[in-house]
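Participant: Below, each chain spelled out in residue letters.
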Amino acid sequence: MSDLPVILCADDDDDILALVALRLRRAGYDVRTASDGAAALAAARDDPPAVAILDVMMPRMGGIDVVQAFRDDEALAHVKVVLLSARVQDSDRQRGLDAGADAYLLKPFRFEELEETVAQLLA
Amino acid sequence: MTSLPASAGQAPRLRLDARSAPASWAALGVGAVAIVVYFLLHGDAQTVWYEVIGAASVAALAVGTLRNVAAEDRAAWWLFTGGMTAQVLGDIVSSVYEIGLDKEPPVPSVADAFYLGGYPLLIAGVYLILQRRGGAMTRATSLDALVVFFAVALAQWVFVIDPYNHDASFTTVERLTYMAYPAMDALLLVALAQLVAVRGARTRASILVVGGVALWILGDELFAIQYASYMSGAWIDVFWLASYVAWAAGALDPSVRRVSAPPSRLVPRLSVPRVVLLAGALLIAPLSLVYEKAAHHHVHIAIGIFGALISVAVFARLGDLIRRYDRARDAERSARREAEVAQQLLTFQNQQLRDLDKLKDEFVSSVSHELRTPLTSITGYVELLREDEESPARREYLKIIERNAERLIDLVSDILFAARLQDGRLLLDLHPVDLNQLVSQAIDEARPRAEQARVELTLRSDGPVLVHGESARLSQLLDNLISNAIKFTPVGGDVEVALTRVGTMLRIDVSDTGIGISAEDTERLFQRFFRSQSALEREIQGTGLGLYISRAIVEAHGGRIGVSSEEGKGATFVVEIPALQ
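Residue numbers (the numbering used here), protein chains in the order written: chain A, 1 to 123; chain B, 1 to 581.
These are computed hints drawn from the structure, not numbers from a lab.
Just so you know, not all the hints are guaranteed correct.
To give an idea of the interface, some chain A residues facing chain B are shown, with a C-beta separation under 8 angstroms as derived from the structure [what the hints assert, rightly or not]: (1) ASP13; (2) ASP15; (3) ILE16; (4) LEU19; (5) MET57; (6) ALA86; (7) ARG87; (8) LYS107; (9) PRO108; (10) PHE111.
Even for Gly, the Cβ is constructed at its ideal location relative to N, Cα and C.
Put together the whole structure using the sequences plus the hints.
Facilitator: Next comes the structure, spelled out in structure tokens:
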């Protein structure tokens, strides 16, 4: 076990998941991955991360449902959440933030944007 | 050929009225003086003067008919002229008796033949006018006429005609002759009632004609009541003389050409004159009964007979009205049913449209998702590769891939944005925004592109200015306008962005020294997917959505956008947005 901040990434698109994980590892974080919402929730319960980066549209459990589950779980209520989505409607963003997400990033995003957001949430 | 609308002929007719009106006024004036003179004269002179007035009136009628009445309406006026001529001839025969033989003419005489022969002509004239007007011959107007006829006939019989029956001094022939006059008057009175009740154009001429007929009947009725004491030159003569004058003045008045004009509606309304007429007619039978009882006369069987006939006519008229009402109610009911069905259909179609709209939303949303997800991978990995790449040449190639991927992303965003605009949904998250700061940022972001295109990009601003707006959308607007200006300006050209305050508005001018826009393209520039001819010819890339989106953003901020340009000399886009105090 390292002392690096743990970041949980969940996305059903393997390419994007691998890219985000690689980037964050290079930036110096301890990264865990999950390829759907249910797996992400299980992983978080197993070992609560400092930040969770969740895709909104995932099979079995969407990012918004996962945020809600986090907020209802005492052990996970404090976890910072960044939602990623390709859905650009203002209503989608609002739903994510209402559910308790701390940030909402639109795909495609520049990696610097994601890194800055994570750094701010950890500060 | 189509007939001219009524108003087309109005102006010249009014001029004619103004010029020729004195003809009828003069006739009335001269007639009034002549009548006064008549009562100042005595003996034979008075008798001859009566004929002079009558003959002059007939002459005036003939002149008026020829000069003022339209050819197709003349028949009625020739009948009036003929009827009046008969009366004047009757007068002349009477005068021959009075002056030549020094006695009242016997009853009957040739004079009576002329007098009585004149009535049918006058009555026919009135009916010809009614026929020309149209509307006199409908079932409703005929029934109303019948009611009035029965009432008039009843009154004439009871009060005027029947008393001759009880005057033992008459021979049968005398009695029949005297009785013929009130009978003719009854017919004339019914014709008069219809003339009043069937609305035509209310003109001076029609009033004069109605007055002429009424005066004639009045004279006859008064004569019939006091025939025993009548002497030539008596005051009753004033009615017949005035009738001559009125009729003649009517014919001389230019408005006579409109006397036969059809009314605006053929089915009569129950107008006030019509209701008064019918109500009066209905009251005649009971009032006659009351009068006869009060005067202790024997009660005429005629009251019962005519009363019953009036009742039948009224009942028929009522039946018509009820049937008409029922039909209207049925029509209304079926119209309402049709409206309900149409309403249901509309609701159904509306729901279908809403479902389709939702489907389109979902489609746009999912297409956007499907396109943006692979683009995220492409740009992400290219960015990663570029950072790791040592070879400058390969870094340049990767940059090209990245730039094109970004263009694809912009395109997807614009299409999605335009699709949402199409639904009329551009909801802004409004906050006070410093437009000066946004313009500076936009210039800074565009500078690398300007440098690459070797275009001079300058900013002119009066300093910080606040608007009520959404900064992301305003930045999008500025980026669109500045990018366009750079794109359409050749190497060595200038692009200037100026921010100024004009009254309560903030004005942004984005001007370039580019290829410009033709006048016909300018009109369609802000339409969705429109691309100017010069852009297409020079193969300048674009989707035709930028200005469409720009206009929507400006309008959502309560502002307006426009362009002025001269082909080959550049263009200036002007945006005005209300300033925040």
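Participant: Please list, smallest to largest, the hint numbers that this structure does not respect.
Facilitator: Going through the list in order, the structure violates no hint and respects every one.
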